[in-house]
Amino acid sequence: MLPVNQKGNYSLILVLVLFCIFTFIFLLLISVGGGVYKNTVSKTDESYQIRTVLSYISNKVRYADSKDVQLLQKKGGNILAIADDTTNGIYVTYIYFFDGSLKELYQKKEKDIQMDFGEEIIKTGRVDMQMDENFLSIDLTTSKGTKESMSIFLPDQGSKPT
Amino acid sequence: MMKSIMLSRSGLYLVEFVIVLFVLCIVSVIVFQLFIKGSQISADAYDLNIAVVRAESITEEVLASAGEDAILAERFDNANGGYVLYYDEKWNLTDADKCKYSALISVIQKDFMLLSDVSIKNSSTVLYSIHTERYLGMD
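Residue numbers (our numbering), protein chains in the order written: chain G, 1 to 162; chain W, 1 to 139.
Derived from the structure by calculation, the hints contain no laboratory data.
Even glycine gets a Cβ: it sits at the ideal position worked out from N, Cα and C.
One or more hints might be untrue.
What the hints assert, rightly or not - Listed below are several chain G residues computed to face chain W (Cβ distance under 10 Å; list not exhaustive):
1) Val15
2) Ile21
3) Pro155
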């Protein structure tokens, strides 16, 4: 039979052991939760970039008459130009990748393109566009490095890249 | 008397801790299951997103081909009267034996219409499918 004092000590050690187990489970839960959350946010962000960039460009192209769609070759990368014949003259929507973002610029056709004047659509890794016969190919590299591409059929593509 | 009070106090702490630990274990099991479920939903959402992009892209290529077998056969593999593409777990093109996802493409010409069905599947379920029709003209 253990003396009462020693029993108290054992109880104290047991409480400490249980406290350690409690702390370990708690930390494990937080660390796993943090990992899952980080992974979820990363995947969601990647999905958001892929969906936004590809949907935005494809919807803009599909909305326009395909003969009004052109790809302009510029130093920093290609610029997608979608012409719009309005009562005030021809306006052009330029969509391009510049300074880590996909940007859009809407202005009169005669005006020079000021790349940094464009409205930022989304920050992403890189966007390359190629036009091959009746196809517009969009190649996206997300900020995490994932590559995704999309082809858009331009049935009445009459204009050639300039 | 004092000793018995001290003993009963540490005994109470012990009982309290055991109960807390028991509750924590139960909560942990539930929370871990939620984490796994959340992670799975996130992965499924990503796959669905990629499936939509791939299906749209394939559909555009099918419509552009105007149903010509030579063009389609150049771009896709033949399978069971249709066409197919295989993807690995990172959505890169691969062979049939290493695939995790596949795109099944069916192209039918009916009168002046080109009908196409594109289905993106994983091993068990259809992730996304598109049916499109294009008028080919009377020439």
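- prompt: Was the hint right that Pro155 (chain G) lines chain W, CB cutoff 10 Å?
  reply: 8 Å, holds
- prompt: Taking the least C-beta to C-beta distance, is Ile21 (chain G) closer than 10 Å to chain W?
  reply: Holds: closest Cβ of chain W sits about 6 Å from Ile21 (chain G), inside 10 Å.
- prompt: Do the numbers back the hint for Val15 (chain G), that is, is its least Cβ distance to chain W under 10 Å?
  reply: The hint holds - Val15 (chain G) has a Cβ within 10 Å of chain W, the shortest such distance being about 5 Å.
Comparing the model with each numbered hint stated earlier shows that all of them hold.
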